[in-house]
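Participant: The chain contents come next:
There are 2 protein chains.
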Amino acid sequence: MAHADRITCPVLATRVTTAEEAARHVEHGMSVGISGFTGAGHPKAVPGALADRIAVAHARGEEFRIGLWSGASTAPEVDGRLAEVHGLDKRLPYNGDPTLRRLINTGEVDYVDAHLSHTAQQAWFGFYGPLDVAVVEVAAVLPNGLLVPGSSVGNNKAWLERAEKVVLEVNHWQPRDLEGFHDVYYGTALPPHRLPIQMTHPMQRIGDPYLRVDPAKVVAVVETNAPDRNSPLSPPDDASRDMAGFLVDFLRHEVAAGRMPPSLLPLQSGVGNVANAVMEGLLTAEFEGMTAFTEVIQDGLLDLLDAGKLDAVSATSFGLSEDGARRFLADPGHYKGRILLRSQEISNHPELVRRLGVVAINGMIEADVYGNVNSTHVMGSAIMNGIGGSGDFARNAYLNFFVSPSTAKGGSISSIVPMVSHVDHTEHDVHVLVTERGLADLRGLSPTDRADRIIEHCAHPDYADRLRDYVDRAKAARPEARHTPHLLEEALGWHLAFLRDGRM
Amino acid sequence: MAHADRITCPVLATRVTTAEEAARHVEHGMSVGISGFTGAGHPKAVPGALADRIAVAHARGEEFRIGLWSGASTAPEVDGRLAEVHGLDKRLPYNGDPTLRRLINTGEVDYVDAHLSHTAQQAWFGFYGPLDVAVVEVAAVLPNGLLVPGSSVGNNKAWLERAEKVVLEVNHWQPRDLEGFHDVYYGTALPPHRLPIQMTHPMQRIGDPYLRVDPAKVVAVVETNAPDRNSPLSPPDDASRDMAGFLVDFLRHEVAAGRMPPSLLPLQSGVGNVANAVMEGLLTAEFEGMTAFTEVIQDGLLDLLDAGKLDAVSATSFGLSEDGARRFLADPGHYKGRILLRSQEISNHPELVRRLGVVAINGMIEADVYGNVNSTHVMGSAIMNGIGGSGDFARNAYLNFFVSPSTAKGGSISSIVPMVSHVDHTEHDVHVLVTERGLADLRGLSPTDRADRIIEHCAHPDYADRLRDYVDRAKAARPEARHTPHLLEEALGWHLAFLRDGRM
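Chains A and B supply the protein sequences, listed in that same order. For the first sequence, our numbering begins at 23 and goes up steadily by one. For the second sequence, our numbering begins at 23 and goes up steadily by one.
Because the hints were derived from the structure by calculation, they are not lab data. Since the structure is predicted, the reported quantities are computational estimates derived from the model, not experimental observations. Treat the hints with care, as some may be off.
Since the list can't tell identical chains apart, any single copy or any two copies may satisfy a pair.
[Claimed, not checked] Under the rule of at most 25 Å between Cα atoms (straight-line distance), these lysine to any residue pairs were calculated in the SDA-like manner:
1) Lys331 to Leu212
2) Lys358 to Glu130
3) Lys331 to Leu518
4) Lys112 to Gly102
5) Lys431 to Leu305
6) Lys112 to Ala352
7) Lys112 to Asp345
8) Lys331 to Glu85
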């Protein structure tokens, strides 16, 4: 690794050191802010070195656990390694790692599952206490000390500003050509000094292509050459294709009704196979000149860019498969000017989501017949991943969709239940539900009308009659309380049956 | 009533007629948009005339039911009368009337309980279908046809623009001096044509002091002389004073910690006695130069204005007691330039609430040990009022509080429960809970840490041990699912016990 071409700032070049040396700046009890969003742009070396350091301390019988703050999910070499050595005490605002998930669910790690647009400002407000060290991956350090961000921006600006000490990882794997792909807004402020964010189009630049850092705070610069997580994507299955079909048809219907322009409105889609299937569906649909104002750039968005159907994407991170990464890396210039990565505070900002009129498409774990959505908890208690940006987008969207197959675990779980076991999106916030059975447009409906529509269009036939029966019996049981009819003794009974018998 | 001085537009003066004639423009199956917010500025005559017309039709065996859209709550002469004659089919986005509440809860009326900042835009988006008639109270009609709004603005702008026909009520009771108290923003647009709202201070004017209406659409102008609802306020009881005390102490603590300026940040407070008690608490506190960016101006805010502690209030409506109204009416000029009434789309706008850094204080029905809040439903099924603006403010606030006495119904109901029976504000959105027992600061905590704090500081001693026991047993029952420990067979058992035995 010839650092001459990546670390051209004479001051910061003197700080180049090993991951092991860098990790020494982290002590027990500290809070550490790291880069990384959806497995992109996380530090590749220092977390592992820190995990080793923690393991050694534990072997000596010393306490060593830290609070870890990120953009969103990272990768096995970060959350996984630190969880394995039991080095985490607190984690925010998102986690997608299976090892760490287990420790959160056993109660070992305190997990603060927060809206992704809230984290940076709440750190600034002081709600999480001081930030001791930031470990941030970048693509390059320029002669003047400005940083070329990597494949995600996430909360990097906030961590670089808030942390007492900064460790930079310069990753040679990140294309040097990423320079110019970012727009870091430096107009944030604390109330009462905040100003309007002067953005009226998803691709409008309102910031700088670089991250800033006070060189005096940079205690270490570590060079790496390691890929992002780049998880493989399975090709869309029939259920995903069916859901995508319903959703695309509905967009068509909205355009025909004059409620949306023919180029649609800026799209946001959550991470996963259904989202990719929707993008695939849009590939063959008639919409042209689309834009995306979203969190993560998955393969499906590259396809739409390549096909000329999508003009441009604003996001905070890449989230490509190996194949997608290869495609992007082969010719970054092809995408320049059509992809912009922003801080997650901006990519998910309520002000912008509402102004731009985003069409939000997010997955869910389950919905109830009255339109409440659970995005985070399995059977009420165990966390799956986290709410992520789904609340930022859904609440403020022009139109939102929540999508899921109608059943899980081979049909033993119904995704439509009498009452969700956890609420992340309330009945006031959910516009359209989609399963492979159909689509329920809930806009402007009362709870009982929603129930009729959800059961008819979204529930699996194996469960639909029982859901109807539940609502009918609930109406009969308390005729004076029929706004949202429930039988409280049965409301969570389906979940309980699954826990007891393995089947709802 | 000399209409010469109140209806000086020559064109609209020709449309003056009776309430009975005006009501003839409403037919079965129509959607009617009315003015009115928290019992202020609702039409006083036409709804009653319409109720009579509906009763006559029903006596003839004819169907006659309408959809009713408002700003927020109205008064017995609107929702009450129309409910009594069974004239309502659908109601949105808020209701506070006991007669109508009963019909919603028996399932006769479909109620769409929505965020108050969402209604106008969703009507514009076409989510609710066409609006046939608007019935809007104003204080005066100017020579050029511009309208001086009354004691609330609410959704009046949207209804006047969207409705096919418009009926105006000119209420001589409304002080003519209200002219100049309003700021109606005419910069709204549909995506993708929306622009930033250029407001950076609660009192900044961004619109016009008048409402506009196309004179060609005005089918009737009715003169009235009738007061707003002006419900009496009971003086704060000990519990309210205790809650206010904890809350004001906490603000003091936040200022001392440097997390808030000494003049605080713009205050929002929900409607009711606790909110008034908080205002009373602020009256004797040390904070000076405060502002409010809120929905409703209650008596407590007048007191703070009078005392010179509060510089100014932005809201969408008055919500005064008879005494408060008398005080305001005695000398409106005293408050001019310090009170601004805006459309509820603006008073509650997420963009502005977040930018200004509002401190949001709202009541609740119950909270669970993990920090989910129920603002709307009694025992899971029966609606109380509605979510109102609490979601607009809480989600986007710099800091939010949810307040309630720790018990209700003479101690037979605990406001802190294992699992709320309905969720309006999720665990991701709730910062601070306050009861007369104390205050729980939940910022940056995991669910189980929240449970410890809520049970210790907010629960009533009669219930605290049982709550602790619930959490402990839930942890023990499923050691692999301890992120949000629940016993699904008991989670709603407290509510069920109340329904069965009259006691949790």
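Participant: Are the hints correct? Go through all of them and say.
Facilitator: Now the hints, each set against the structure:
Taking the shortest alpha-carbon separations for Lys331 and Leu212, only the inter-copy value of 23 Å comes in at or below 25 Å, while the best intra-copy value is 39 Å. With identical chains, the CA atoms of Lys358 and Glu130 are never at most 25 Å apart, being 44 Å at best within one copy and 57 Å at best between copies. In this assembly of identical chains, Lys331 and Leu518 lie within 25 Å of each other by CA distance neither inside one copy nor across copies; the values are 46 Å within and 54 Å between. For the homomeric pair Lys112 and Gly102, the shortest alpha-carbon distance inside one copy (14 Å) is at most 25 Å, but the shortest distance between copies (52 Å) is not.
For a Cα distance limit of 25 Å, the shortest separation of Lys431 from Leu305 qualifies neither inside one copy, at 30 Å, nor across copies, at 59 Å. Taking the closest pair of Cα atoms, Lys112 and Ala352 never come within 25 Å of each other, the shortest separation being 39 Å inside a single copy and 57 Å across copies. Taking the shortest alpha-carbon separations for Lys112 and Asp345, neither the intra-copy value of 34 Å nor the inter-copy value of 52 Å comes in at or below 25 Å. For the identical chains of this complex, Lys331 and Glu85 are neighbours neither inside a copy (54 Å) nor across copies (50 Å), given an alpha-carbon limit of 25 Å.
Violated hints, in rising order: 2, 3, 5, 6, 7 and 8; the structure is consistent with all others.
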